[in-house]
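Protein chains in written order, with the working numbering: chain C, 1 to 254; chain S, 1 to 210.
Don't read these hints as lab results, they were simulated from the structure. Every value quoted in this text rests on a predicted model; they were computed, and no experiment measured them. Check the hints yourself; a few may be wrong.
Taking CB as the label site, the calculated pair distances span [stated by the list, open to error]:
| # | chain 1 | residue 1 | chain 2 | residue 2 | range |
| --- | --- | --- | --- | --- | --- |
| 1 | S | Gln22 | C | Pro204 | 37 to 43 Å |
| 2 | S | Gly104 | C | Ile39 | 53 to 59 Å |
| 3 | C | Val26 | S | Gly130 | 26 to 32 Å |
Below, simulated DSS-like cross-link-like pairs (lysine-lysine); rule was C-alpha separation at most 25 Å, straight line [said to hold, decoys possible]:
| # | chain 1 | residue 1 | chain 2 | residue 2 |
| --- | --- | --- | --- | --- |
| 4 | S | Lys144 | S | Lys186 |
| 5 | S | Lys106 | S | Lys93 |
| 6 | S | Lys120 | S | Lys78 |
| 7 | C | Lys16 | S | Lys144 |
| 8 | C | Lys163 | C | Lys49 |
| 9 | S | Lys78 | C | Lys16 |
| 10 | S | Lys93 | C | Lys16 |
| 11 | S | Lys144 | S | Lys93 |
| 12 | S | Lys78 | S | Lys93 |
Glycine residues also receive a C-beta, built at the ideal position from the N, C-alpha and C atoms.
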Amino acid sequence: MVNYIGLGALIRRELKRTYMVINQVVWPPVIMTLLFLFIFGLSLGSRIKTLGGVPYVEFLLPGLVMLNVISSSYDESSSSLFQQRFMNSIQELLIAPLSYVEIVVGFLTGSVLRGLVIGNLVMLIGLALVRVGPHDAFVYFYFMCVTALLFSALGMIAGLLGKTWDNLAIFTTFVITPLTYIGGVFSSISLLPPLFQHVSLANPMLYMIDGFRYSYTGVGDINLIVDAVAVTALALIALAVAFILTKRGVNLRV
Amino acid sequence: MGPNGAGKTTTINAIVGLATFQGGQISVFGHDVVADFRRSRQLVGLSPQDFNFDRYLSVEEILTYQGGYYGVPLSQAKQRARELLEQFELTDKRRNNYLELSGGMKRRLSLARALTHRPKLLILDEPTAGMDVELRLELWDFLKIINAGGMTIFMTSHYLEEVEMLCNRVGIVNHGRLVALEEKSKLIAHHGKDTLQEVFLELVGRRTRG
């Protein structure tokens, strides 16, 4: 038995929260994308003929899309859950006839939707400048959805384990942002010295950005199957941890 | 009733699902609160001691979303919210954020929220803590009306006067144990005392000065 109405109410609540902070949600990625495309794509990028066999601006755009899918998904679930814990309003959900599965699915749905909307918005802005559409629609949506799911689950884990707002920011500043930036958003790992190429293979961001870039340009540094297996496995592990922590009521129940 | 730290709120948390169990079992109207949590939670409405409203929702939305979490379809939840806003004299404030309400209004909203899904048991944790006399009397009137309508009310209180005024059966907890549970007049008579205060002080091991 599933409490579909309860789950629907929780998803609507998450979307309403996003709508109420819409200026924080939409404008930063839009402005950042325009700046990156202008500086790296149209200005500096004009000095780079091609990268990975495609014009640099086409190489850059999918990286920027993934950057925003990752940060939007993570920000949504981590801040929404942490804020509800902080304000104690999470108790409204914990005393309702909602199972832990429904609570996790509710938070993840709102967060994944934000990641997908922002990711596609960034892609639309890019398309207006680049005028080249995705190469493979299925791979495009697969990598976008699984990445959004992965970072929504990581956001939930951070939202559950975090003790302060600082804790959430530290994970973003010291883990997510550096790994994303050196994970191939701006350049190909094939340009790195051999030692750093091998070290880069330990960066999980590399696989999702590379797979997604393949969906857009048709070329990638790594085998697409390896990319897909890596991102799917990471998402499953993060989901399992998010479900287990919520089921145990970690930092939710006394 | 019980002194601070006796286990009153912990008992409530265990009933409603805010505490994990180390042992034992609790049933609400025959439904185990862990194994059959969906049914037991449908039967309980909680007004906690501290306000824990969702700051992103208006007063009316707090009630409709609460109905949603309990499986009430949206149109019915909206209708129920309107009824409760009227009953608790909050209709004028339905579009406001709860942060804009006075203390008494917040407490009334908390009661209304607990009643959105038409529970059979209303749990109130220190419902008048920190309230001035006028607001306390106002809230007592609301509670008497709800109780007269057939609702079972389970409440904790620090105020002996409140317990004298509102409660039929009184339980006293001390150091996590239920040391008395009886109909109010019988409890006083069984202990050979004249007032509930004397019984309370005897059972929690405190003596009056002088």
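Quick rundown of the hints versus the structure:
1. Checking the proposed 37 to 43 Å range against Gln22(S) and Pro204(C) shows it holds: the Cβ atoms sit about 38 Å from each other.
2. Here the CB-CB span from Gly104(S) to Ile39(C) is close to 57 Å, well matched to the stated 53 to 59 Å.
3. Between Val26(C) and Gly130(S) the beta carbons are some 41 Å apart, a value that contradicts the proposed interval 26 to 32 Å.
4. A C-alpha spacing of about 22 Å is found between Lys144(S) and Lys186(S), which places the hinted pair at or below 25 Å, so the restraint holds.
5. The straight-line distance between the Cα atoms of Lys106(S) and Lys93(S) is roughly 11 Å, inside the 25 Å bound, and the hint therefore holds.
6. The straight-line distance between the Cα atoms of Lys120(S) and Lys78(S) is roughly 20 Å, inside the 25 Å bound, and the hint therefore holds.
7. For the suggested pair Lys16(C) and Lys144(S), the alpha carbons sit about 36 Å apart, so the restraint of at most 25 Å is broken.
8. For the hint linking Lys163(C) to Lys49(C), the alpha-carbon distance of about 48 Å lies beyond 25 Å, and the restraint is violated.
9. Note on Lys78(S) and Lys16(C): the hinted pairing holds, with a Cα-Cα distance of about 17 Å set against a maximum of 25 Å.
10. With a C-alpha separation of about 20 Å, the suggested pair Lys93(S) and Lys16(C) falls inside the 25 Å cut-off, and the hint holds.
11. At roughly 24 Å between alpha-carbon atoms, Lys144(S) and Lys93(S) fall within 25 Å of each other, so this suggested pair holds.
12. Taking the CA atoms of Lys78(S) and Lys93(S), the gap is near 15 Å; set against the 25 Å cutoff, the hint holds.
In this structure, the earlier hints numbered 3, 7, 8 are contradicted, and the remaining ones agree with it.
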